[in-house]
Amino acid sequence: LYESMLDTVLFARDKWLAPSGHLFPDKCSMFIQGMEDSTKRFDFWDNVYGFNMKPIQSKISIRDAFVEDVQPNDIISSRELLQKIDIDHVTYDELDFHSTFTLSITRDATMHGFVSSFDIGFERDCHRPEYFTTGAEGTPTHWHQVFFHIPKPFTVKKGDVVDGKWWVRRNAENPRFLDVEIQWKEMSEGEFLVQRYRIH
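In our numbering, the protein residues as written are 976 to 1175.
It is worth saying that the hints were derived from the structure and are not from the lab. It is possible that some hints are incorrect.
Said to hold, decoys possible - Pairs of lysine-lysine residues, derived as PhoX-like cross-links and limited to a Cα-Cα distance of at most 20 Å, are as follows:
| id | residue 1 | residue 2 |
| --- | --- | --- |
| 1 | K1002 | K1029 |
| 2 | K1059 | K1002 |
| 3 | K1059 | K1127 |
| 4 | K1127 | K1160 |
| 5 | K1140 | K1127 |
| 6 | K1160 | K1029 |
| 7 | K1140 | K1160 |
| 8 | K1160 | K1132 |
What the hints assert, rightly or not - Ranges of calculated distance between the beta carbons of each label pair, as one might list FRET restraints:
| id | residue 1 | residue 2 | range |
| --- | --- | --- | --- |
| 9 | H997 | G1165 | 41 to 49 Å |
| 10 | P994 | P1047 | 41 to 49 Å |
| 11 | P1047 | F1129 | 17 to 25 Å |
| 12 | A993 | R1151 | 23 to 31 Å |
| 13 | H997 | K1029 | 47 to 55 Å |
| 14 | H1102 | D1039 | 39 to 47 Å |
| 15 | W991 | K1160 | 42 to 50 Å |
| 16 | F1129 | Q1046 | 15 to 23 Å |
| 17 | P1030 | A993 | 54 to 62 Å |
Beta carbons are placed, not taken as given, at the ideal position from N, Cα and C, and that holds for glycine.
With these hints in hand, go ahead and build the complete structure from the sequences.
In structure tokens, the structure reads:
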């Protein structure tokens, strides 16, 4: 997600790639996970030089997703596929997409939000396909991960499930920015909660 570079790749593909040519990497898979925020990023707003600034947090911070390295021990769920992209054939319009997911919680924790990452693959006509991941459990990369903080963290236990829906689309004013909407149910019960974010 970070930098939204796939548009540039598709532009180069459509302008210069020969009909018999191949792109490498040729596969990209996007994933989502649940996260506990052990760094307490938002506790800062509880006491800013003696003032409670929590109202500012709710108006400003949560709308912006964080692009950073997430610690592996902050991951609290399974890593679920959102979308697999065939870079040889995907169109611009298909980069805006909707998906559903079900996260399986792997330990007792407080869920503070969601983390997205991607894997890429060198698959086409390869006798030994190769892959690398930008996931939190892998070696840190330039792309980091994207952390989506939710307004009201909630308690989860090992074995719980969190159902969700995901939308991503390019921002109308700046195609390098992405608008993301995540909906989720705590314990897969009740109404879906909704939060919208911007990645820039």
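Evaluation of the provided hints:
no.	hint	result
1	K1002 <-> K1029	42 Å, violated
2	K1059 <-> K1002	7 Å, holds
3	K1059 <-> K1127	30 Å, violated
4	K1127 <-> K1160	12 Å, holds
5	K1140 <-> K1127	17 Å, holds
6	K1160 <-> K1029	24 Å, violated
7	K1140 <-> K1160	9 Å, holds
8	K1160 <-> K1132	14 Å, holds
9	H997 <-> G1165: 41 to 49 Å	47 Å, holds
10	P994 <-> P1047: 41 to 49 Å	43 Å, holds
11	P1047 <-> F1129: 17 to 25 Å	22 Å, holds
12	A993 <-> R1151: 23 to 31 Å	28 Å, holds
13	H997 <-> K1029: 47 to 55 Å	52 Å, holds
14	H1102 <-> D1039: 39 to 47 Å	44 Å, holds
15	W991 <-> K1160: 42 to 50 Å	45 Å, holds
16	F1129 <-> Q1046: 15 to 23 Å	20 Å, holds
17	P1030 <-> A993: 54 to 62 Å	57 Å, holds
Checked against the numbered hints above, the structure violates hints 1, 3, 6; every other hint is satisfied.
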